[in-house]
Amino acid sequence: LLPLTDTSYRDFRPSLQLAMVLFAGRRALGAPGAWDHALSWLGLVAPAEVAAPAGSYQSDKGGFAILRRGAGMAMLRYPRFRFRPSQADALHLDLSLGGDNLLRDAGTYSYNTEAVWMDYFGGTAGHNTVQFDGRDQMPKLSRFLWGNWLRTSSTEGLLENAADVHFSAAYRDAQGACHRRRVFLGEGHLRVEDEVAGFRQRAVLRWRLAPGHWTREGIRLTNGAHTLMVQGSMPIIRCEITEGWESRHYLEKTPVPVLEVEIEKAGTLTTDYQWAA
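If you're matching positions, the sequence shown starts at 2 in my numbering and goes up one per residue.
It should be emphasised that the hints constitute simulated quantities derived from the structure, not laboratory data. Any given hint could be a false lead.
[Unchecked claim] Distance ranges between label pairs, derived from CB positions:
#1 Ala163 - Asp12: 18 to 24 Å
#2 Pro212 - Phe145: 26 to 32 Å
#3 Ala20 - Trp118: 30 to 36 Å
#4 Thr216 - Leu23: 46 to 52 Å
#5 Phe84 - Ser9: 27 to 33 Å
All C-beta atoms, glycine included, are put in the ideal place defined by N, C-alpha and C.
With the hints as extra help, turn the sequences into a complete structure.
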């Protein structure tokens with residue numbers, strides 16, 4: 002697609018500014034910049050009022066919850082499919098800090114490439130969630146179709162207190178595997194509790210990390226500025242950093258470190274991600 006502003010491909014501020022002016026009569030961004038160009042094209046005058054900073058938000062029809070605390074933002078996806086799902090990404094979690102994407106998904110890469118890449122980027126292994134028995138959360142029927150659409154079995158609405166903001170959701174797939182994810186976001190830390198059961202042989206939790214020099218000591222990882230630790234109520238049989246892939250631009254893929262935590266018994270995995278607040 003041709004860029005229509007002087008911003009980078011992944012800079013969505015022009016769209017954000019235009020949508021806020023059209024639908025809310027306010028500016029999303031107070032300072033002038035290239036994100037204002039579309040207003041001039043449409044003969045719109047930038048309103049004087051600037052929208053208040055966004056808070057935590059749940060879109061139950063859309064199937065996602067956004068948690069905000071300080072400079073941190075976490076977004077959890079849960080299945081509320083009204084039209085065919087594009088990826089097997091139930092209970093995927095993204096974490097950003099001041100605009101830096103710390104925990105991320107693989108992206109799309111391409112709609113027309115080798116099956117191995119389409120399966121990887123759109124499948125469960127390309128997301129920050131739990132994969133059961135080496136399979137996707139839903140069976141792939143064709144290039145753009147998944148079968149046995151997942152349904153969310155329960156949610157706990159957004160709750161905020163002095164310590165953190167909290168949300169949880171759960172599903173049960175067609176083969177009886179169950180996953181409940183509880184997310185707690187506070188100042189300088191994220192806690193995720195993954196309760197899993199019903200799988201046959203193994204379950205793998207993945208955290209797709211930001212590129213950098215990550216080192217592991219037992220169940221603790223660090224890149225010097227951030228730390229991540231995973232503990233289980235059941236034995237952890239494997240915990241290692243592997244090489245995965247991500248696509249930040251269409252038809253472009255680059256390596257990314259991925260933490261994989263493997264278990265063979267039902268129980269709860271608790272992940273703590275910390276940074277300097």
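How the hints compare with the structure:
no.: 1; hint: Ala163 - Asp12: 18 to 24 Å; result: violated, 35 Å
no.: 2; hint: Pro212 - Phe145: 26 to 32 Å; result: holds, 30 Å
no.: 3; hint: Ala20 - Trp118: 30 to 36 Å; result: holds, 32 Å
no.: 4; hint: Thr216 - Leu23: 46 to 52 Å; result: holds, 48 Å
no.: 5; hint: Phe84 - Ser9: 27 to 33 Å; result: holds, 30 Å
Hint 1 alone, counting from the list given before, is not met by this structure.
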